[in-house]
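*Asks:* Sequence:
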Amino acid sequence: MNQWVEIDDRSAVAVVRRLARRHGVAIGLPETRVGELAIVATEAATNMLRYAERGRALIELVRQPGADVINMIFTDRGPGISDIDRMFQDGESSTDSAGLGLGAIVRLSDTFDIFSSPDTGTTIVCTFGGKSSGADCGVEAVGLRVCHPNEDTCGDDFQIRQTPRATDVLLCDGLGHGPAAAEAASEVIAAAGAAGGLSSEPGKLMRQITERLVGRRGAVVALMHVAQPQMELRYAALGNISTLLIGAKGIRRLAVRDGRIGGAATHGYEEAVQLEAGDMVILHSDGLKTLREAHFPPGLLKKSPLLIAGFLLDRSFRGRDDASIVVMRINRGGDQLPWQSSPP
2 MNQWVEIDDR SAVAVVRRLA RRHGVAIGLP ETRVGELAIV ATEAATNMLR YAERGRALIE
62 LVRQPGADVI NMIFTDRGPG ISDIDRMFQD GESSTDSAGL GLGAIVRLSD TFDIFSSPDT
122 GTTIVCTFGG KSSGADCGVE AVGLRVCHPN EDTCGDDFQI RQTPRATDVL LCDGLGHGPA
182 AAEAASEVIA AAGAAGGLSS EPGKLMRQIT ERLVGRRGAV VALMHVAQPQ MELRYAALGN
242 ISTLLIGAKG IRRLAVRDGR IGGAATHGYE EAVQLEAGDM VILHSDGLKT LREAHFPPGL
302 LKKSPLLIAG FLLDRSFRGR DDASIVVMRI NRGGDQLPWQ SSPP
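In terms of the numbering used here, the sequence shown opens at residue 2 and continues consecutively.
Don't take each hint at face value.
Claimed, not checked - Capping the alpha-carbon separation at 30 Å, the derived lysine-lysine pairs in DSS-like fashion look like this:
1. Lys250 / Lys303
2. Lys303 / Lys290
3. Lys290 / Lys250
The set of hints was computed from the structure by calculation and includes no laboratory data.
Build out the structure end to end from the sequences listed, making use of the hints.
*Replies:* See below:
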């Protein structure tokens, strides 16, 4: 289940805590670690109630090669935290919670990041389980998805595959929402697997997928390959998946060919782009509003890809369809990634 949990009373805190524990058990965390996961979920949600009165949480289990990971996003539109440094001290917390403060949440989580201001409210993200995707290969990449508010099955899906030599991404949106859309998205991922999996030739893979799924319900898809260390991006897209390249020269929207999986076989729109250190690529389905420069408040793009994805998934969520987003950053050699180990 990939759903926003509305945090508007104490009962919602219990829902978030139970969901976090369930995911912790599912990925085989030790009981002590499951307890720490529950503490973090409880503390973050309770503080949201105290300081902002309401907000949202998304607890997502991501299956990935090597080690599964639990992503937790807590976001509100409250007054922001005026003195973040003080809140990192133990004991600075809600009187109804464990009183541990953000400092303890940082220590208990495998990764942590926070974005807060009077204009944006507060967004906190943390992870348990596997380490951040791409931490050792120069590219950080993370994906999130959320269901239509009335569904418990998500019709959007993504795959991220990383090796020391490449990062590959598939993002797809099954037509409609609910179980039928989820089945359509699964067919796309299965067709990619049957064709040999994500590859360095997105256009060729797109044609193979479309050939296999002619006449099916259908989906829209974007495929991306980043060669390392060359840092060349190769891209193919069919349908209304939006892709933004954000760099020193501003925001550029990559082109896309109209159409869908399930229609005529095609390689989609293809493009090759040279990336530079510090560039960011964001892909999202039409369950989010079309992202523009105004959707990125000052300081957001300096945060971790997971925080950027969580913030945008909340703030730009249309609320009438499934939604998904993948955020990818090209790191400079020797970059320090503060959200991986310590508070900003």
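*Asks:* For the pair supplied as a hint, Lys290 and Lys250, confirm whether the alpha-carbon distance does not exceed 30 Å.
*Replies:* 23 Å, holds
*Asks:* Check whether the Cα positions of Lys250 and Lys303 lie no farther apart than 30 Å.
*Replies:* 16 Å, holds
*Asks:* For the pair supplied as a hint, Lys303 and Lys290, confirm whether the alpha-carbon distance does not exceed 30 Å.
*Replies:* 21 Å, holds
Figure legend: structure checked against the earlier numbered hints; every hint is met.
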